[in-house]
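Using the sequences and the accompanying hints, generate a full structural model.
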Amino acid sequence: MKSLSDSALAARVAQDIPDGSYVNLGIGKPTHVSAHLPEGREVLYQSENGLLGVGPVPPTGAEDPELIDASKRFVTPATGAAYFDQTDSFAMMRGGHIDIAVLGAYQVAENGDLANWATLDEKYPPAVGGAMDLVVGVPTILVMMRHVNRDGSPKLLKTCSFPLTGLGVVSRVYTDLAVLDVTPAGFRLVELAPGNSLDAVQALTEATILT
Amino acid sequence: MKSLSDSALAARVAQDIPDGSYVNLGIGKPTHVSAHLPEGREVLYQSENGLLGVGPVPPTGAEDPELIDASKRFVTPATGAAYFDQTDSFAMMRGGHIDIAVLGAYQVAENGDLANWATLDEKYPPAVGGAMDLVVGVPTILVMMRHVNRDGSPKLLKTCSFPLTGLGVVSRVYTDLAVLDVTPAGFRLVELAPGNSLDAVQALTEATILT
Amino acid sequence: MDKTVADLARAVAPITDGASIMIGGFGSSGIPFGLIDALCAQGTTGLTVISNNAGAGETGIATLLKAGRVAKVICSYPRTPGSIWFERRYEAGEVALEVVPQGTLAERIRAAGAGLGGFLTPTAYGTRLAEGKETRVIDGRGYVLEAPLHADFALVRAARGDRYGNLSYHATARNFNPVMAMGAAHTIAEVRHLASEPLDPETVITPGIFVQSVVEYGVRP
Amino acid sequence: MDKTVADLARAVAPITDGASIMIGGFGSSGIPFGLIDALCAQGTTGLTVISNNAGAGETGIATLLKAGRVAKVICSYPRTPGSIWFERRYEAGEVALEVVPQGTLAERIRAAGAGLGGFLTPTAYGTRLAEGKETRVIDGRGYVLEAPLHADFALVRAARGDRYGNLSYHATARNFNPVMAMGAAHTIAEVRHLASEPLDPETVITPGIFVQSVVEYGVRP
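Residue numbers (my numbering), protein chains in the order written: chain A, 1 to 211; chain B, 212 to 422; chain C, 423 to 643; chain D, 644 to 864.
Since the hints were derived computationally from the structure, they do not count as laboratory data. Here the structure is a predicted model, which means the values were calculated and not measured. Virtual Cβ for every residue (Gly too), placed ideally from N, Cα, C. Careful: at least some of the hints might be erroneous.
Simulated crosslink set (DSS-like; lysine-lysine; CA at most 27 Å straight-line) [stated by the list, open to error]:
{"no.": "1", "chain 1": "C", "residue 1": "K494", "chain 2": "B", "residue 2": "K334"}
{"no.": "2", "chain 1": "A", "residue 1": "K158", "chain 2": "A", "residue 2": "K29"}
{"no.": "3", "chain 1": "A", "residue 1": "K72", "chain 2": "A", "residue 2": "K123"}
{"no.": "4", "chain 1": "C", "residue 1": "K494", "chain 2": "B", "residue 2": "K240"}
{"no.": "5", "chain 1": "B", "residue 1": "K334", "chain 2": "C", "residue 2": "K425"}
{"no.": "6", "chain 1": "C", "residue 1": "K488", "chain 2": "B", "residue 2": "K283"}
{"no.": "7", "chain 1": "B", "residue 1": "K213", "chain 2": "B", "residue 2": "K240"}
{"no.": "8", "chain 1": "C", "residue 1": "K494", "chain 2": "C", "residue 2": "K555"}
{"no.": "9", "chain 1": "B", "residue 1": "K334", "chain 2": "B", "residue 2": "K283"}
{"no.": "10", "chain 1": "B", "residue 1": "K213", "chain 2": "B", "residue 2": "K369"}
{"no.": "11", "chain 1": "A", "residue 1": "K72", "chain 2": "D", "residue 2": "K715"}
{"no.": "12", "chain 1": "B", "residue 1": "K334", "chain 2": "B", "residue 2": "K240"}
{"no.": "13", "chain 1": "D", "residue 1": "K715", "chain 2": "D", "residue 2": "K776"}
{"no.": "14", "chain 1": "A", "residue 1": "K72", "chain 2": "D", "residue 2": "K709"}
{"no.": "15", "chain 1": "C", "residue 1": "K494", "chain 2": "B", "residue 2": "K283"}
{"no.": "16", "chain 1": "A", "residue 1": "K72", "chain 2": "A", "residue 2": "K29"}
{"no.": "17", "chain 1": "A", "residue 1": "K29", "chain 2": "A", "residue 2": "K2"}
{"no.": "18", "chain 1": "D", "residue 1": "K715", "chain 2": "A", "residue 2": "K123"}
{"no.": "19", "chain 1": "B", "residue 1": "K240", "chain 2": "B", "residue 2": "K283"}
{"no.": "20", "chain 1": "D", "residue 1": "K776", "chain 2": "C", "residue 2": "K555"}
{"no.": "21", "chain 1": "A", "residue 1": "K2", "chain 2": "A", "residue 2": "K158"}
{"no.": "22", "chain 1": "A", "residue 1": "K158", "chain 2": "A", "residue 2": "K72"}
{"no.": "23", "chain 1": "D", "residue 1": "K709", "chain 2": "A", "residue 2": "K123"}
{"no.": "24", "chain 1": "A", "residue 1": "K123", "chain 2": "D", "residue 2": "K776"}
{"no.": "25", "chain 1": "B", "residue 1": "K369", "chain 2": "B", "residue 2": "K240"}
Partial pick of chain B residues on the chain C-facing surface, computed with a CB cut under 10 Å [to be verified]:
{"no.": "26", "residue": "L262"}
{"no.": "27", "residue": "T290"}
{"no.": "28", "residue": "Y294"}
{"no.": "29", "residue": "P337"}
Structure below.
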């Protein structure tokens, strides 16, 4: 197996973000997509806490403690940015104004179901944030995650076992091993990460990968 | 009969506006209440088109064409004013944040029903504006009107014949002849305009006036 | 990202016959007069107009009504001081009218823009404007279920705009403009001043994500 | 009209045991740290806290959780980086938790402030967070009926305020503060700077009608 680095994975996702898009990047790995946007494209990133136009992280010492993104990182405003409150922020998300959201996931099912907010561990408090609003409102949901869990168990499933975030909402999944589209028939291979075979990736995937 | 002038009627209503209130003044006669506020009181007037803190009418030549009140008069902002859009404006009204609204009326019934938006003339297009939002959201609804119609027919009724604006919403009615509270038992006399007798006013009122 | 359009005619070109159009403004304030005139000049007809008022004199929405381009008006207050053409078309049965309480109108537009399926409001409960609508009583209080109000286009007027579509307003010209920008599928903004530099992010009232095109029209009402 | 209060202790004095309190902020931004500390010092307990997060480290809402003052948390994301005290109280069964999707949380608070009886949202339809709630399908899309979320108090943080209670915010510190100011029966604002002159009406984000008291607390997080 040859696994893409987090950075290479972010760069792969960034290739699919069209010029002029409005994009919400989820907490964790998706945050890094913006750093890899191909030259010549202008994209406005929305942060659910109230910023449209998330710019680069400021140099150390120049942070504004009240200017953060949804991952609680210090950021700067991009050219053309706007601040707003939570009701307007979620109107953008729920109302279909954002073009693309890139989210992390615990599990994705072959029908596009997404689980990324709660596990089956009752002692671990669930935390949903804006994920459920994004998946119902944003027309294109891209998922970005490791292909398998740390224990090797699959994350691309026939059916999610964890509580769902949204039903049939995922458009495409980017993992360190492959890119897969969600189609009415199930996962369809878009491409394999360099150095991997379909058989090897299928072996790490509960659902069937169509080609 | 001795009928109060419009100006004297506005002054009478103004006496009942407490210091520190948030008040919405309806189109027409109610607009003039603010000019008669007793000295020493500070009241913020809300105009439903997006201004909290309606100040005096500007001198001729100093009008700002984009600064008007709900009656479409040119106004100025009062000290402490704020501008906002229609959703916030009606949140203030519907959400119970405004203390008092002073409205005109076609008819008021003894149970507090108010009719002030449409007549029975089908050819005359109805126009409701913000009246229905005000009457459900503002705890104290004061009505200010002539006691009778131009043809002498009563406006204070047992039951409204015109389409209702709100059900049981009126707290008090100020006319050119009397001030009447709406109570569970019906209209109760607060005071007669100087020079009038209860019998004479009762004769111009369909509903019974309690004392 | 550059949403600026060279002139009013090009800005309204996407609007076709039969479209539903939200038009900002209250009384004479915040009305996109330039866009309305361009739409009228374009000859587009069979329009459903969603607005607070229905025009006054011979300007604004009255221009469209006079020219016979409006099939239906959805508004809270069609009779504004100086209004003539709405009354004429209405009396002749040439224009349909849906009267919506002003706060419900704003909230229905917002629900469309915010992706909500409807809301319960106490406004109009028990009145003629709630007839035929679903109602329910919660904790002794009556509510009417109101549906989102979508539109194909919104024509809005702002004081300042930039190439990202960010808008800010002046005084009470704000009124319905921000919520309509949010509620329509395609929002066209007429701005008094098109700024060469992006607006300060703190002063933006309508973020550019809600705006599809911006055109400068410096004339003040 | 003067809503200013001399110090934090006097500002939180009206809050009594068992109150429901909305607390502004997202992550470390826009949190009314001064008011929370004063509330903790006052000893008020049995609180229901409505907030996006449940504090981090030993500051903000974590202060109240550590001191055992919180009976219930209603929030979207209790686990924030550096959060310890929520987890301890939750694992020990000492605090109840209602998880609400972030947009639904904002919208429920807004519904309370705007006098609405509820709304239909597609968010959470078909998930565990919609269990037990009324749902309906409109035009093939599923919606959940959500109720308004009221509170006795809101503690908010703003950059600037004036004696009328008008507030403006800085950058992403705006977040939940404006909607919570609208949604609570009694809103207490901690402002970094209390202006001696009223704010410019164009720059006001929270009109003073939504604010009952204002106290200056210049410390920046």
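| field | Violating hint indices (sorted, rising) | value | 4, 5, 22, 27
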